[in-house]
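Student: Numbering (the numbering used here), first residue to last: 58 to 605.
Rather than coming from a laboratory, the hints here were simulated on the basis of the structure. Note that the structure is a prediction, hence the values are computed from the model and not measured. Treat the hints with caution; some may be incorrect.
[Stated by the list, open to error] Between beta-carbon pairs, the in silico distance windows are: (1) ASP467 x GLU201: 43 to 49 Å; (2) THR573 x LEU70: 52 to 58 Å; (3) ALA151 x ASP467: 57 to 63 Å; (4) SER592 x GLU390: 31 to 37 Å.
Cβ atoms here follow ideal geometry from the backbone N, Cα and C, with glycine treated the same way.
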Amino acid sequence: MEHELTKDEIAELHQRAALVQSTPNRAISHFIAAGLWEQAANTMAEEGTALLYKGMAETVRQWYGSLPEHVRNSQTSLQILVARCEIHRGEYAAAEILLKQARETFVKLGDRKGEGDALTSLITICHNNNDRQSAAKYVERAQELPLNPMGQVATRLAKAWLCMFEGNWEAVRTNVCDGLSVPYASGDRRADLIGVTYISRPMLAVPGCMSAIQHYCDEVEKNALPDTPWSLGAQALSAWPLLLQGSVNEALCKAEAAAKLRKRLGGYPFFGNDLPIVLSMLYLAREDIESAGSAVKSLIRFTTSEGLNSKGVGMFYLHAAGRALALLGRYDEARIMEQRLAALSDNEPVTEYLQYHLKGLVALLTGHDAEASAVLKHAATLESQLPTVQIGGSAGLLLAQLFLSQGYQDDAYTIAQPIIAEWMVAQTPGYAIFNGQIIKPLLRMLAQKNSVGAAIMLRLFSRDLLSEEESSLAGTNIQPLGELLIEPLTPRECDVLKLLALGRTNLQIGKELYITSETVKSHVSHIFRKLDVNSRTQAANRARELGF
Numbered sequence: 058m059e060h061e062l063t064k065d066e067i068a069e070l071h072q073r074a075a076l077v078q079s080t081p082n083r084a085i086s087h088f089i090a091a092g093l094w095e096q097a098a099n100t101m102a103e104e105g106t107a108l109l110y111k112g113m114a115e116t117v118r119q120w121y122g123s124l125p126e127h128v129r130n131s132q133t134s135l136q137i138l139v140a141r142c143e144i145h146r147g148e149y150a151a152a153e154i155l156l157k158q159a160r161e162t163f164v165k166l167g168d169r170k171g172e173g174d175a176l177t178s179l180i181t182i183c184h185n186n187n188d189r190q191s192a193a194k195y196v197e198r199a200q201e202l203p204l205n206p207m208g209q210v211a212t213r214l215a216k217a218w219l220c221m222f223e224g225n226w227e228a229v230r231t232n233v234c235d236g237l238s239v240p241y242a243s244g245d246r247r248a249d250l251i252g253v254t255y256i257s258r259p260m261l262a263v264p265g266c267m268s269a270i271q272h273y274c275d276e277v278e279k280n281a282l283p284d285t286p287w288s289l290g291a292q293a294l295s296a297w298p299l300l301l302q303g304s305v306n307e308a309l310c311k312a313e314a315a316a317k318l319r320k321r322l323g324g325y326p327f328f329g330n331d332l333p334i335v336l337s338m339l340y341l342a343r344e345d346i347e348s349a350g351s352a353v354k355s356l357i358r359f360t361t362s363e364g365l366n367s368k369g370v371g372m373f374y375l376h377a378a379g380r381a382l383a384l385l386g387r388y389d390e391a392r393i394m395e396q397r398l399a400a401l402s403d404n405e406p407v408t409e410y411l412q413y414h415l416k417g418l419v420a421l422l423t424g425h426d427a428e429a430s431a432v433l434k435h436a437a438t439l440e441s442q443l444p445t446v447q448i449g450g451s452a453g454l455l456l457a458q459l460f461l462s463q464g465y466q467d468d469a470y471t472i473a474q475p476i477i478a479e480w481m482v483a484q485t486p487g488y489a490i491f492n493g494q495i496i497k498p499l500l501r502m503l504a505q506k507n508s509v510g511a512a513i514m515l516r517l518f519s520r521d522l523l524s525e526e527e528s529s530l531a532g533t534n535i536q537p538l539g540e541l542l543i544e545p546l547t548p549r550e551c552d553v554l555k556l557l558a559l560g561r562t563n564l565q566i567g568k569e570l571y572i573t574s575e576t577v578k579s580h581v582s583h584i585f586r587k588l589d590v591n592s593r594t595q596a597a598n599r600a601r602e603l604g605f
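Sequences are here, hints too, so could you generate the full structure?
Tutor: Structure, rendered in structure tokens:
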């Protein structure tokens, strides 16, 4: 047709085709082919966020690059759109320049909504760069502006992140639950772009957050288009609650499936990066050395990747890589990771804890007992003050294992018993495998003393590798709550009971689980009947007695 029609005739055909297209991306392509730049820019501005939600960030970026400069400059909202495309590529510096320019323009125009949109993504960059001072300033300003659902999620989850550093756990929980409820309440699932980006592993360790995060991930997986970054983000994130709850087989299946999807999508700078951490721990628990070694290679690569080596997130990758290397017997490489952790010098207690935990682990594994004792005692003190650091592994259990190896069984029991009891109350026995096979003798000793939860945690390690004595312990000790009741609780009733035991009201439980207060009331009634109790306090106590 190009040989038979003039340039103007071809442009007219593209224009007519664009006007009848039902899908925005095809319409934009036709507008660009016709040289109808303003129409293309307008459609991109209107539909850009939806296109990003479909995983078309690179396509949008290429369209933007094809527009004439005067058209790009006339559409400030497009600067925000392309900045988000740059964020998806990990080009945070380039995105920040665009966003600051856009915000300045919106402020001059008095466009409060546009400024809010710019701040939403600026907060994301601050979150990644661990720039809490700027994040706090942006969040404060954003709260004064009309925000769309994406902005509402960003400000609430950023506040949760900031509150973590203050140790205000109730504020963290409230902001996480409020933020994750926005996409459902607003009906705008595009806000999941922010939700699956901001949620981090330490948030899972905050009391009351894990259930809300797990339900949110389930929602995103159901609503996200298949084979998109948002689906990947939800799958990768949901492996963590499964791991913490001790559902190791399900966690491994989820993580491996997410890793395959990530490879299929070509990799994203902020989705699925935690997968090698989950996989390395699960493979080490099963003593699958080859697979663990492969996961560690990815971890080491991530410690030098742009966007992943900032102080805000880099400490977790350095620690995870060092921990896996140590458990694989590659001590010199593990020490390098510990030195890199020490070099961060960010004066953060979490970083300090991770450094000392890793240093103590290496000392313990290499037989340097005096060094291990001094380092792990310091780390255990930090652990008692910062509940979120257990997401890197428990220094207290390593210290207990050291005492056990030295023959101080009573001291080992005194240190370890409260830790595993707390994990069982919180329904997070999976923490046990974060320190690897080294703590199996400690768990065996605790199980022999009928310590609640020790046998369950021992069972998390590969059953094929358990001795006959261990298999007996794992099979005859504490049973899951559902198996001890004449009429087992349903999964939803278990969720309600967890929150009830934490002192939540029916209204708060409904908000966290996305169900009505009346539904919660019905669940509570069923729980009372099945547990044979008459009050919320009795229900919580009965659950603890049963090892729940």
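Student: Evaluate each hint against the coordinates.
Tutor: Now for the hints, and whether the structure bears them out:
1. ASP467 x GLU201: 43 to 49 Å: Violated: the Cβ-Cβ distance is about 58 Å, outside 43 to 49 Å.
2. THR573 x LEU70: 52 to 58 Å: holds, 54 Å
3. ALA151 x ASP467: 57 to 63 Å: Given a distance of about 59 Å, which is inside 57 to 63 Å, the answer is holds.
4. SER592 x GLU390: 31 to 37 Å: Violated, since SER592 and GLU390 (Cβ atoms, about 55 Å apart) do not stay within the stated range.
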